[in-house]
Amino acid sequence: MVDLRTFNLSGTLSALSLLFRPSQCIPQAVVRNFNDLPLPLSRAFDNDKLFGKVNIRAVVLDKDDCFARPGENEIAPEFKAQFARLRAAYPPPSMLIVSNTAGTPSMDPDLTSSALLVAATSVPVLAHRTKKPGCSAEIMAYFHSHAELRDLKPEEVAVVGDRLATDVVLANRMGAYAVWVREGVVAKEEKSLFARWEYGIHDWLKRRGVQSPVPGSHFE
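Residues 1 to 220 in our numbering are what the sequence shown lists, from first letter to last.
Hints are computed from structural coordinates only; laboratory data are not their basis. Owing to the predicted nature of the structure, the values given are computational and were not obtained by experimental measurement. The C-beta atom is built at its ideal place from N, Cα and C for all residues, glycine as well. A few of these clues could be false.
Subject to a maximum C-alpha distance of 25 Å in a straight line, what follows is the list of computed DSS-like cross-link-like pairs (lysine-lysine) [as the list claims (entries may be wrong)]:
id, residue 1, residue 2
1, K49, K206
2, K53, K188
3, K80, K206
4, K191, K206
5, K188, K206
6, K188, K80
7, K191, K53
8, K49, K188
Simulated DEER-style distance windows between Cβ atoms [unchecked claim]:
id, residue 1, residue 2, range
9, S122, Q211, 33 to 43 Å
10, W204, A115, 32 to 42 Å
11, P91, G200, 33 to 43 Å
12, K188, K53, 13 to 23 Å
13, E138, D203, 23 to 33 Å
14, K49, P109, 41 to 51 Å
15, G209, A127, 36 to 46 Å
16, P22, S145, 32 to 42 Å
17, A89, A120, 10 to 20 Å
18, E138, T112, 17 to 27 Å
Produce the entire structure from the sequences given, and follow the hints as far as they go.
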């Protein structure tokens, strides 16, 4: 039986839209795994002259198969040191975890998972009604609710995650920078079928010259 809690209408519509706008799933930077994130994150985009001078002031961080094993609400042991460095570089409220499991009404209705994740990471978890990639307005509203980030622009945000159809599309739709964590936490053969397809889709598009959008203030 299909578990409707895992159904992501926003993600399904996003996948269909990629037929017409494939560049939306191309990240501005790719790292092998979470430990390879350069700090500060602005350094991830230094080699592309198209972007000019990048100033990342805030980070949106995916959870499952990014820094945690899917279904777990704690940092994978091999990434704890790097997570601490990232949090020091972008202390809350400049760092926000946005997950399609923790913090969503269908998967975490009483926010128990969110509370466990906050306790384990000391980073806030966004409670959002719309799953990624459709929650950009909720993300920007969170950042703008803090005095030090009231003037934050989308192109000053980096979205870090392991999924093209959710994390990378989210970043490109909101005019932010995307860092694709290509390998994640679990082995490739353990990933979902669609997650495995994303490797081939990305590489096929890149071979055909499809480039990532240039981030800018086209927040939607």
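These are the hints, each one checked on the structure:
no., hint, in the structure
1, K49 <-> K206, "18 Å, holds"
2, K53 <-> K188, "34 Å, violated"
3, K80 <-> K206, "32 Å, violated"
4, K191 <-> K206, "22 Å, holds"
5, K188 <-> K206, "20 Å, holds"
6, K188 <-> K80, "21 Å, holds"
7, K191 <-> K53, "35 Å, violated"
8, K49 <-> K188, "32 Å, violated"
9, S122 <-> Q211: 33 to 43 Å, "37 Å, holds"
10, W204 <-> A115: 32 to 42 Å, "41 Å, holds"
11, P91 <-> G200: 33 to 43 Å, "38 Å, holds"
12, K188 <-> K53: 13 to 23 Å, "35 Å, violated"
13, E138 <-> D203: 23 to 33 Å, "32 Å, holds"
14, K49 <-> P109: 41 to 51 Å, "47 Å, holds"
15, G209 <-> A127: 36 to 46 Å, "40 Å, holds"
16, P22 <-> S145: 32 to 42 Å, "34 Å, holds"
17, A89 <-> A120: 10 to 20 Å, "19 Å, holds"
18, E138 <-> T112: 17 to 27 Å, "20 Å, holds"
Checked against the numbered hints listed earlier, the structure breaks hints 2, 3, 7, 8 and 12; every other hint is satisfied.
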